[in-house]
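J.: This is what each chain is made of:
There are 2 protein chains.
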Amino acid sequence: MTQPSIDPQHLDRLAETAVRVGLNLQPGQDLVLTAPTSALPLVRRVVAAAYRAGAGLVTPLLSDEEVTLARYQNAPDQSFDRAPDWLYDGMARAFGDGAARMAIVGDDPMLLAQEDPAHVSRAGKANSAAYRPALEKIANFDINWTIAAYPGASWARRVFPDLPEEEAVARLAKAIFAASRVDLDDPVAAWTAHNEALHLRKAWLNEQAFAALHFTGPGTDLTVGLADDHEWQGGASLANNGVICNPNIPSEEVFTTPHAERVEGTARASKPLSHQGSLIDGIEVTFEGGRITQARASRGEAVLHELLDTDEGARRLGEVALVPHSSPISQSGLLFYNTLFDENAACHIALGQCYAKCFRDGETLGVDEIAERGGNASMIHVDWMIGGPETDIDGITPGGTRVPVFRAGEWAR
Amino acid sequence: MTQPSIDPQHLDRLAETAVRVGLNLQPGQDLVLTAPTSALPLVRRVVAAAYRAGAGLVTPLLSDEEVTLARYQNAPDQSFDRAPDWLYDGMARAFGDGAARMAIVGDDPMLLAQEDPAHVSRAGKANSAAYRPALEKIANFDINWTIAAYPGASWARRVFPDLPEEEAVARLAKAIFAASRVDLDDPVAAWTAHNEALHLRKAWLNEQAFAALHFTGPGTDLTVGLADDHEWQGGASLANNGVICNPNIPSEEVFTTPHAERVEGTARASKPLSHQGSLIDGIEVTFEGGRITQARASRGEAVLHELLDTDEGARRLGEVALVPHSSPISQSGLLFYNTLFDENAACHIALGQCYAKCFRDGETLGVDEIAERGGNASMIHVDWMIGGPETDIDGITPGGTRVPVFRAGEWAR
Ligand SMILES: [Zn+2]
Ligand SMILES: [Zn+2]
Ligand SMILES: [Zn+2]
Ligand SMILES: [Zn+2]
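Chains A and B, in that order, are what the protein sequence lines are.
So for the first sequence, full-length UniProt numbering puts the first residue at 1; every next one is plus one.
So for the second sequence, full-length UniProt numbering puts the first residue at 1; every next one is plus one.
If you are wondering where the hints come from, they were derived from the structure by calculation, not from laboratory data.
Heads up, a few of these hints could be off.
[Said to hold, decoys possible] Reference excerpt, derived from the structure (chain B facing chain A, CB under 8 Å, subset only):
# : residue
1 : R44
2 : Y51
3 : R52
4 : G54
5 : V67
6 : P84
[To be verified] Here are the computed distance ranges between Cβ atoms for each label pair:
#  : chain 1 : residue 1 : chain 2 : residue 2 : range
7  : B       : P117      : A       : L135      : 37 to 45 Å
8  : B       : E363      : A       : P8        : 51 to 59 Å
9  : B       : P218      : A       : P8        : 49 to 57 Å
10 : A       : A408      : B       : D81       : 53 to 61 Å
Glycine is no exception: its CB is placed at the ideal position from the N, C-alpha and C atoms.
Pulled out of the complex, with its shape left as it was, chain A reads as follows (with noise of 0.2 Å):
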């Protein structure tokens, strides 16, 4: 008798806890699902767990790795300024109606690292803009959504590169149960007194109302100023709908909005950053009133620069995040290559685009609003990883007092 490589209990356990605490699934609300091939284990189960919940409607659309990989090898150069905006209206169609919305993801990251950089890139933006109305819709907070993992052989092979492919995927299914809380007999029990202590973590932050957090840890002596009226933000959210959730499944950062003009000093990443499929591995970067002026990594700085060319927001910060380093992922010790999990290894920050939510009211505040209170705006968000067991961190408070936030990578308090 041999051992299946994903539990299938564990994966069970996973579909309900992506339907019940990850979405909130209401009676009679439909649910847009979208996920790889590789993911139709869990895509089967996720889809009856959420009639159990009592869906209208779920509607799959599946993506497939060979079939991504036969347009880039096969398609004529103007096919890659193409992107099926009928689907992507339809989306925000059907969230503008009530859909929730889950994701699961479970392919290779690096799957497109071989192809033509300039296709992938048109490809990207293409894409980008026609999925905007469908985006905003989740970006703002108007339905309940999450995203959750399935332990996919292509992803697990780049975790895992050195393992047979059978035991690399064991390995990644039982990191991705972990991280997720189904290894534990009572996954939402155990989510809800995860969300409780992370309610705990960002109460405490809000109360303090700091006007900066100083960042020390080697190579780096960053002072990130927060924004005016930013607010904490982590765990499970309400949505507009009315409805809690937990948008990742994993999750385990609290997280706010720096001041795009008020970060000083520099920056050395703890881990490397996987972006559209290259690896970006070394960065140190300097900020002067807000903006990188320095960058440079040892492996990939021409993405890395192409990356911080993008707009004039790509080179400011719209998140920083705080996760002790004794989080499971990051215990783990696995490179993931998926900033579902990446990010929950260890504080980061955020280049690029901000957050409403991470403001008081600011599902009412409107863009002019969000940028006079210091909230950066660009077409990128892309977090990458600051934080390890060095690491300190000071609460700066608006009359200069130093509170201690972190001491070697763990809450101070």
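For this one, chain A is given, so just place chain B with the ligands on it according to the hints.
T.: Coordinates of chain B with the ligands only, in the frame set by chain A:
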């Protein structure tokens, strides 16, 4: 070394044939492709072939047998009146913008045989209503479209219930490849020759302009009056966007529109009919004034009566089609439980809706003009086989002269 059940070279040729002969996809044209996940090996090849042919953007929409069953087995009752209008309206928009359409079939035709028939029928109705805007563009032949088949394992087990799965798949694959003419070295040339043969048949029939066809055979003595201004169709067809395509791979029939009120006599089905997961066998019907006034079946009689009671047009004919007994699909001796194949094994009639294209200048005719000429209207279109090796057919001219059309199941000339 084991031989694969499905010859990859034949599969490559089927993809190429579906794109070049079936669709005749134009450079820069988009393609909307629906297929089951079981057909992914063909889907991936079709995507590559479409891009090699210069496709703008190929958008596959994948369904999945287990996802479908998860709905029937878990969804609340109200779910079965729901359909994804936003997705179907999007498809209609894509067709309106010029996209071509390919459907790949490959799932078990009896998938829903064990599910609640009321749920199956309600879900089918909701889906048909939502899909109508997209279907109209296909039925009106506004765009080039095609249907092709992949030997999915569950379908293969249905066709060959006594064989091990691998052998069943191998047998079904061979049958599909032969019927689709991709077991030949040059399928495109074979389709050109085949289309020429079908065009000669339909040209002769159009020249005769018969008033009626008289079918005789075991249990059948049926006079099928033809609609005024009827036109025979078959093989390659010109879509309204100017592209000549082959809507069915395979296709062996020439077909036209009967007169809804001029069918008299009795007909006995020569093969079982698979309808929405049920098998109806031993059908015997009597027509009076075009209308079925008596109907029996040795198996599935209740389903047959439900079908005939769908609407007034469900008891009248919308199509009559001629297929010789020597057709390769007939010679295979198989029952595929799938109309794409089974209707190409024998002469058949169809209950329900007629095709506008089977009238002279049909694309210019309104619904009323079609009805005036004797064209039938209904929500259904269900083909069933009445031909076999003993079938004789006479054409009856407007003057009453009899012209031999079929003798002993074969063309008489
Ligand atoms: Zn973050
Ligand atoms: Zn982020
Ligand atoms: Zn037919
Ligand atoms: Zn038909």
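J.: Take the hints in turn and mark each one as holding or not.
T.: Here is how each hint holds up against the structure:
1. Using the Cβ-Cβ criterion of 8 Å, the hint placing B:R44 at the interface with chain A is satisfied: the shortest such distance is roughly 5 Å.
2. Against a cut-off of 8 Å between C-beta atoms, the interface hint on B:Y51 holds, since the closest Cβ of chain A lies about 4 Å away.
3. Hint on B:R52 holds. Least Cβ distance to chain A is approximately 5 Å, under the 8 Å limit.
4. Annotation: B:G54 was flagged as interfacial toward chain A, and the flag holds, the nearest CB pair being 5 Å apart, inside 8 Å.
5. The restraint placing B:V67 at the interface with chain A holds, with a minimum CB-CB distance near 5 Å, inside the 8 Å limit.
6. Taking 8 Å as the C-beta cut-off, the interface hint given for B:P84 holds, the closest approach to chain A being about 5 Å.
7. For B:P117 and A:L135, the hinted distance range of 37 to 45 Å is satisfied, since their beta carbons lie about 41 Å from each other.
8. Between B:E363 and A:P8, the C-beta spacing of about 54 Å keeps the proposed range 51 to 59 Å intact.
9. A C-beta distance of roughly 53 Å is found between B:P218 and A:P8, which places it inside the suggested range of 49 to 57 Å.
10. The beta-carbon spacing between A:A408 and B:D81, approximately 59 Å, falls within the hinted interval of 53 to 61 Å.
Checked against the numbered hints listed earlier, the structure breaks none of them; every hint is satisfied.
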